[in-house]
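**Student:** Taken in sequence, the protein lines are chains A and B.
If you count the first sequence from 1, position 28 lands on 56 in the numbering used here, and the numbers rise without skipping.
If you count the second sequence from 1, position 104 lands on 905 in the numbering used here, and the numbers rise without skipping.
Keep in mind that the hints were calculated from the coordinates and are not lab data.
Small disclaimer: the values here were computed from a predicted structure and weren't measured.
Be a bit skeptical, because a hint or two may be false.
Derived Cβ-Cβ restraints for the label pairs, each shown as a range [what the hints assert, rightly or not]:
| no. | chain 1 | residue 1 | chain 2 | residue 2 | range |
| --- | --- | --- | --- | --- | --- |
| 1 | B | 913 | A | 80 | 38 to 48 Å |
| 2 | B | 880 | A | 83 | 39 to 49 Å |
| 3 | B | 863 | A | 95 | 23 to 33 Å |
| 4 | A | 69 | B | 862 | 23 to 33 Å |
| 5 | B | 883 | A | 104 | 39 to 49 Å |
| 6 | A | 80 | B | 845 | 42 to 52 Å |
| 7 | A | 83 | B | 810 | 27 to 37 Å |
| 8 | B | 810 | A | 33 | 29 to 39 Å |
Only pairs whose alpha carbons sit at most 20 Å apart, straight line, appear in this in silico EDC-like list of lysine to aspartate or glutamate [what the hints assert, rightly or not]:
| no. | chain 1 | residue 1 | chain 2 | residue 2 |
| --- | --- | --- | --- | --- |
| 9 | B | 839 | A | 37 |
| 10 | B | 837 | B | 825 |
| 11 | A | 109 | A | 37 |
| 12 | B | 839 | A | 69 |
| 13 | B | 842 | A | 69 |
| 14 | A | 137 | A | 105 |
| 15 | A | 109 | A | 69 |
| 16 | B | 837 | A | 69 |
| 17 | B | 820 | B | 886 |
| 18 | A | 137 | A | 33 |
| 19 | A | 137 | A | 42 |
| 20 | B | 841 | A | 37 |
| 21 | B | 841 | A | 110 |
| 22 | B | 842 | B | 885 |
| 23 | B | 819 | B | 868 |
| 24 | A | 96 | A | 69 |
| 25 | B | 819 | B | 886 |
| 26 | B | 842 | B | 886 |
| 27 | B | 841 | A | 33 |
| 28 | B | 837 | B | 886 |
| 29 | B | 810 | B | 868 |
| 30 | A | 104 | A | 42 |
| 31 | B | 823 | B | 868 |
| 32 | A | 96 | A | 83 |
| 33 | B | 810 | A | 69 |
| 34 | B | 837 | A | 33 |
| 35 | B | 841 | B | 886 |
| 36 | B | 842 | A | 37 |
| 37 | B | 837 | B | 859 |
| 38 | B | 842 | A | 110 |
| 39 | B | 839 | A | 33 |
| 40 | B | 841 | A | 69 |
Where is the CB? At the ideal position from N, CA and C, for every residue including glycine.
Here's the letter readout for the chains.
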Amino acid sequence: GQNIDQPTEMTATEGAIVQINCTYQTSGFNGLFWYQQHAGEAPTFLSYNVLDGLEEKGRFSSFLSRSKGYSYLLLKELQMKDSASYLCAVRDQASGTYKYIFGTGTRLKVLA
Amino acid sequence: DTEVTQTPKHLVMGMTNKKSLKCEQHMGHRAMYWYKQKAKKPPELMFVYSYEKLSINESVPSRFSPECPNSSLLNLHLHALQPEDSALYLCASSLRGGGNTEAFFGQGTRLTVV
Numbered sequence: 029g030q031n032i033d034q035p036t037e038m039t040a041t042e043g044a045i046v047q048i049n050c051t052y053q054t055s056g057f058n059g060l061f062w063y064q065q066h067a068g069e070a071p072t073f074l075s076y077n078v079l080d081g082l083e084e085k086g087r088f089s090s091f092l093s094r095s096k097g098y099s100y101l102l103l104k105e106l107q108m109k110d111s112a113s114y115l116c117a118v119r120d121q122a123s124g125t126y127k128y129i130f131g132t133g134t135r136l137k138v139l140a
Numbered sequence: 802d803t804e805v806t807q808t809p810k811h812l813v814m815g816m817t818n819k820k821s822l823k824c825e826q827h828m829g830h831r832a833m834y835w836y837k838q839k840a841k842k843p844p845e846l847m848f849v850y851s852y853e854k855l856s857i858n859e860s861v862p863s864r865f866s867p868e869c870p871n872s873s874l875l876n877l878h879l880h881a882l883q884p885e886d887s888a889l890y891l892c893a894s895s896l897r898g899g900g901n902t903e904a905f906f907g908q909g910t911r912l913t914v915v
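Only chain A is shown next, with the shape it has when bound in the complex (with noise of 0.2 Å):
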């Protein structure tokens, strides 16, 4: 089966630094996506691992660790926009066609 767990909530300050962290378990692992959603939008692509890591992209960088089933989304110089859901993906292959499998999604308050 999958697993994917993210803590459901977290605050910070504006200006702060934030890491979320995703664990999981699946059983055909072939990359792994942050995505960004507001309330009521769609999904917005973040950054990606399949390699164990550390990736920037701006004020964002994610890590990866294979081994752990171990991933986090490092938010840099927050800003009140940042304040959204963050969701981690698992691209998975194990029934040979590629799929995206979300966590649970976790739910970012920037405050003033």
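Dock chain B against chain A, hints included.
**Tutor:** Then chain B, alone, in the frame of chain A:
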């Protein structure tokens, strides 16, 4: 063009109605997906189409019937739905292969079953 377009944006239907949700992309993606998302929950995968063929059905009730008429279009036909089926229905597409190929999502159809 990196857009996935879904219509309608909002839909209210009765439990005896038949309606369809539509999704369109022109990115040349050959994998297309339907997800269901309830409030404050993550998207749940319903169906995957690969090269216009249904590859994955995540045990979705038969009152939801997907269709992929061509490589750019994906439909979801709805019949005899229940109030608990009210949700945001998201369509997504991706290149079929692996690599750095994220799934692109449409804005969704917010469905209310009355």
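**Student:** Now tell me if each hint is right for this structure.
**Tutor:** Verification of the supplied hints:
no. : hint                         : result
1   : B:913 with A:80: 38 to 48 Å  : holds (44 Å)
2   : B:880 with A:83: 39 to 49 Å  : holds (44 Å)
3   : B:863 with A:95: 23 to 33 Å  : violated (41 Å)
4   : A:69 with B:862: 23 to 33 Å  : holds (27 Å)
5   : B:883 with A:104: 39 to 49 Å : holds (45 Å)
6   : A:80 with B:845: 42 to 52 Å  : violated (28 Å)
7   : A:83 with B:810: 27 to 37 Å  : holds (33 Å)
8   : B:810 with A:33: 29 to 39 Å  : holds (32 Å)
9   : B:839 with A:37              : holds (17 Å)
10  : B:837 with B:825             : holds (17 Å)
11  : A:109 with A:37              : holds (16 Å)
12  : B:839 with A:69              : holds (13 Å)
13  : B:842 with A:69              : holds (13 Å)
14  : A:137 with A:105             : holds (14 Å)
15  : A:109 with A:69              : holds (14 Å)
16  : B:837 with A:69              : holds (13 Å)
17  : B:820 with B:886             : holds (13 Å)
18  : A:137 with A:33              : holds (19 Å)
19  : A:137 with A:42              : holds (10 Å)
20  : B:841 with A:37              : holds (11 Å)
21  : B:841 with A:110             : holds (17 Å)
22  : B:842 with B:885             : holds (14 Å)
23  : B:819 with B:868             : holds (15 Å)
24  : A:96 with A:69               : violated (32 Å)
25  : B:819 with B:886             : holds (14 Å)
26  : B:842 with B:886             : holds (14 Å)
27  : B:841 with A:33              : holds (15 Å)
28  : B:837 with B:886             : holds (9 Å)
29  : B:810 with B:868             : holds (19 Å)
30  : A:104 with A:42              : holds (10 Å)
31  : B:823 with B:868             : holds (10 Å)
32  : A:96 with A:83               : holds (17 Å)
33  : B:810 with A:69              : holds (11 Å)
34  : B:837 with A:33              : holds (19 Å)
35  : B:841 with B:886             : holds (15 Å)
36  : B:842 with A:37              : holds (12 Å)
37  : B:837 with B:859             : holds (11 Å)
38  : B:842 with A:110             : holds (18 Å)
39  : B:839 with A:33              : holds (17 Å)
40  : B:841 with A:69              : holds (12 Å)
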